[in-house]
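First to last, the protein sequences are chains A and B. The opening position of the first sequence corresponds to residue 60 in the working numbering, with each subsequent residue numbered one higher. The opening position of the second sequence corresponds to residue 1225 in the working numbering, with each subsequent residue numbered one higher.
FYI, nobody ran anything at the bench for these hints, they're computed from the structure. All C-beta atoms, glycine included, are put in the ideal place defined by N, C-alpha and C. Just so you know, not all the hints are guaranteed correct.
To be verified - One-sided and incomplete, this derived list gives chain B residues near chain A with beta-carbon spacing under 10 Å:
#1 1329
#2 1387
#3 1411
#4 1420
#5 1421
#6 1432
#7 1442
#8 1445
#9 1449
#10 1557
#11 1596
#12 1600
#13 1604
#14 1610
#15 1674
#16 1699
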Amino acid sequence: MNRREFLAATGAASVSVLWSAQAARAATTGYGNVLVLVELQGGNDGLNTVIPFADPAYYALRPQLAIAREQVLALDAATGLHPALQPLLALWQAGELAIVQGVGYPDANLSHFRSIEIWDTASRSNEYLQDGWLARSFKASPAPREYAADGVVVGGGAMGPFAGGARAVAITNTEQFLRQARLAQPAAATTGGGALAHILKVEREVAQAAAGLSVGHAFSTVFPAGAFGNSVRTAAQVIAAQPGVAAVKIGLGSFDTHRGQLVTHARLLQELAGGLVALKAALMELQRWDSALVMTYSEFGRRAAQNSSGGTDHGTAAAHFAMGGRVRGGLYGQPPELNRLDRNGNLAYAVDFRDLYSTVLGVWWGVSAEQALGGRFQPVGFVRA
Amino acid sequence: MTAEVRSGKWRRALAVVLCGLVTLPALARPLGYDDARHLLNRTGFAANTPEINEFAQLTREAAVARLLRWTDQAPVVPAPEWTQAPYELPLRPALMSDVERQEYQRRLISQGRDLKAWWMAEMLITPSPLTEKMVLFWHNHFTSSLRKVRMPLLMYRQHMTLRRHALGNFRELLQAMARDPAMLIYLDGAASRKGQPNENFARELMELFTLGEGRYGEQDVKEAARAFTGWSIDRDSGEFLFRPLLHDDGVKTVLGVSGLHEGAAVLGILLERPETAEFIVAKLWREFVSTEPDMREVRRIASVFRTSSYDIRAALRELLTADAFYAPRNRGNLVKSPVDLVVGTLRQFRMAVADPLPYVLTVGRLGQDLFAPPNVKGWPGGDSWINATTLLSRRQFLENVFRGSEPEPAMRVVAMTGNRPNDLQFDDAAWFRQFDGKAVDDWQRVVFATRPVAAVAGRDAAALRMAVQDPAYQLK
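Only chain B is shown next, with the shape it has when bound in the complex (with noise of 0.2 Å):
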């Protein structure tokens, strides 16, 4: 293939954008395929041919939508059996012995693994990655972490929260998190007390999780924090529990509104904002448009989410519908995130993933550690999730992916777990079968989101391999 045959179908694609926006306005015509490729891409993990196509038919209201009613569904993959089995109270290392702390150790660490493992088996076949996309979002917004909060099980619940609310109403998510034990010890909320309030979760709540920084003193921090003592975790069940005596119940002044608050008034008092809305529609904008808002339109969208009550399918709708979500400076400008590579790369190439652990440790090493993120500000994405070293460990798992062997880090696992490792199989022959009679690089417009930085030739195994290499393989 010709450097001029590749340019040529790059300068036909924009041909045919530009055309459509001169004979049908953008919402009334169908998607066509790139316009598809690029909706389902951000929303999920490497679209197919066949699920391109049926949304290349769509209008764009009509695709949004559909995608929009598609996320109802549980999780397909069955949760790991002890998350069904009644709370046990963290047991006190002191008064273990040995042996006994030692089990424990092992089983929080195996139950770790098991959760993480899990999340990672749906994501690889999910029917609805949309779902998966949002839990993944909001994980990274009401950030907790096992190296902190330590038992799985309130781990495991608070996804089970973070996922019913993940398309759902920011307000009840927010209320929800607020009481969520997980996140109450990650917080240090529930070791808060009238006359000694911990700071640590009121100042996240206000930075992190509404208004975004400096919109806010550091006196509505320590106020907040007197309205949220109390909130603590029942012993016998792992629940929220209100601890009355422990409620610091005097007069709080928080953003300048003074009243007996508790701590859902000042979540309330929070959602009124303006900023909080702006803040969570910026935030989506980073996630599925660009690194840099736009910010009249995050104003324009963040007003019909507030005024749905913060329906977040309604913010997602306005998003994915306006123009500079689908506007060509916005097209293979972000960076995949881990998960995105290795999940995408895996559906794409219909590998058969015979246990997931592998690549939940390889998303770990390119720094997207399942349950596990760096902070409470949660993965910083964007450019830099490449560096010399992530971007040197994407290669060699991309490498390895169409090699035919196993992650690296499956050896370990074997050893570690005793599950055999993984059987990948790429058939090549059957995945370049979908391309028949389409033009000799016609994968490439499935594979890339923007052209490659080096010309990929053929249609084969080796070409695959190199177009994985390529720089562009990166972006989204």
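Only chain A is shown next, with the shape it has when bound in the complex (with noise of 0.2 Å):
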């Protein structure tokens, strides 16, 4: 039996189970498993990231960009990271941080916008959809009704994956969200699109949101000041919430480092690393962190030399993380091959992006991944069962 087949022959009451954090526990797969994607906005230099400082090539290519040997944050006798997550070693020595590298897809596009495109939809290269890779998802196995949404966006933005079929709605600030939705009318339902049908959907999805969330839980996690650390505070604050959402959306940015890299990315991933883990405390707190999976993805990775400006360009593929408390730490993926670079000095890629959605889809939620990534990707093995 499927899972498909046993929700179809339980019912709604094996469902409802789900949502308390002990079922959620217990339960291997499903919508009690939230995903919480990091959208590090602006294409983040992946070389930087998770820095393969055995490599020659690598000193080579950035004379000034490369972070020094003795500096970076070994993991391995080749791949370290940089000196600005430290706070994510305490996860790595825990086996709870798994780092994919070399993700990317075939034929990648340079364009910020397309490509982004390409990872919210889960499209082909040359293939133009309009759907959210979790919306499709969403459509063919919705989540269970009572929750507040399928999805959230923190920190307003793009609704990415979840644009299109999902419900889902953009929260800058839980308590400011739930203040003003008494503004919002619970709107008769519209037949057809346009812009006026957009409006009545966003309406009642609010609607549904707001009776959802609440802001009862009090934290004694302490989040980062700045605008990162608050998203990650109201992810905190959404998946807190009983019955809850089936995944969150979080971001940072600009990672689009055309010049003077080495401050701004150093500040970003300081920011990033300390975000993460108050979102790990946060979500020990609520018991969830054995039913969560926190997920990097990004639109490209940067060109392997730097420029003249200080900075690298639009790239390709790019190392991400996964971690959470049923994540099988570690390496996977293929280190940077730094002698075999495009004729655009581009990075080949290793692993899909979308082998990392079906991971999601399949292994974490035990959903058809097939359907809604238009194919087979293999997962990934860093979740644990």
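Starting from two chains that each stand alone, build the complex the way the hints lay out.
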């Protein structure tokens, strides 16, 4: 019996128990497992994030930008982290941090907007899809109706993977959202598309999310100051609500470091690491760390060689992080092959980004990945059952 | 008012349109009230009754010609004084003391605020709203942001360049923007040099400013980047400066054309391509007509645009006289931008604004921070203006405006700047007087581009408060 048959056979009653944290811990798959996506907006420089410090080519390509060998936080004999990611070492040592190297896709597009669209819709490079990959998946395998929403985007901005069909809302701040939600009118459903239908859909989602979310939980976790820390705090509050949501997206940026990269990148990575560590602490408090999967993504990595402005131009493959109480820590994928760059000076990819999505859909949630991703992709083995 | 009366009103309006189609060719008969309202609201900010009545008498051609003739005016609000001061080289933080650095930062922040408030003030009182609409359109096309450029003076100069060409010639506008110092900073052109060109500007030039994504190759980006090396900024004046020593003077091949191209030649190659005119016209279509361009019409208008040698008025004239612009399916089908909503509301209801700054913050909170678009692609616009957060903030703004209290951020501004709070006054009796002698719900024809979701009854401030909370008020 696969999961869908299981759901069909046992009905909604079995779904409802999945919300409780207790049951979520017991269940190995299903929407009781929450997904937290962290978008590194602008194209994060993978090579200075997860550093191939034993490769002389790295230092040759980046005379000013390379992180000195003695500053790299070595994970093994060849691979290490940017020093600003120091807070993540504890996760690494606990075996809860997976690093997938060389994530990308064939025929990489170097436009910010097109490439993030490819990531958001899980399309092929030459294929144009309307809906986000999570929206497609929720359409095929709906989250329980009682959930406040399928997903919540924290910090405003694009709906990204939720765009299209998903029941998703964007929230900057939970308290403010609930205070203002009284102005939303539970409007009648309208038929047809268009701008008015869009507004009415947003209104209905606001009303339902407001009914399902609360600010009840008082965290003892101290969240870092700043926009990303606030996003992490809001994400934790969304996850604390019962019944909650299946997925949350937060974002940090801009990683588009065409010039003066060293300072900007270090600051962003520091914010990232501080936020992720706080997120773990908050999820531990909620007893949700074992039923949470946190994953980073970005439209592309950056060019292997530095440019003349102390920065890097748009590139292709990059390393990404996955963390959680049931993540099997370690290195996955392939280290960057700096001697095998393409004619634009970019890295070859080793792991298709849709392999990561297939891990989320097939392994973490136990829903059909093939349908939502439009093909068969190989899950990466970082989730423990 | 009953639903019957209301539907009767909409049916009457439709009947008038249908009769017109039968009796006279669309171009020869007067626009009539609803077409005039549509034309003025799409090209401006919430037109009022006298303007609509005036345009209602004109034929389509005459109305559009008049609209385009009106757009010559220079700004009516004087620019902040510091915009006339000479350029100062940006100071290096490392060479400053803590006090100096703080002082310098404070100055930049305060100038940035001045700049935004100045433009907001201009939009609130301009006699030529289409000029502002087009400046905003180009600001969202040739994007630059204060957040990266940092120097408000350069953003002001860029703004004035956009203003100069807003309804002029796209060829000249493109050439001017490629040399614009704020743009050279925003897309890293100023730091690009022979041997190690920075690709940022060359890529966005093709993807976002001219051809559109997928209509060029990676090699074209690399070659074009070489052509723009040496396009730089004069350290003394802050003006464009070509530095021959940093320029790559070798042969480049861009879109199959080889030569010793310098930047200007690359722009020429891009302007030769029909895709460029189509890309710009499709974007104008999304701004003024609908989010789904009719590609056949776009190609027709694009060819007029190209043969006019990129006269922006020629493109607008075709677009605004096209049948599609007036088609029923293209009424009330666009979401108002934050600027449309805020400026339109304040203008429509003749609210005196003592200080424009709170409204700068309001449009920012609604997702349209002037002089600071989110990234080089600009504000995505369309339906994406509205999500859970911004919809609620829009409601909050409208509630506050009609409550007679100042918008929420005003208090913060007072604390920051010492400016006195806004004394927004809405005189509902005076406003409704323009509808004396008309049907009780006639005022709704001014307020709504499409019928409200929930019936609004009455003719007083309470009815108006209810009307602006209706989802239909978010549409134009």
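Problem - List of violated hint numbers, smallest to largest - result: 1, 2, 11
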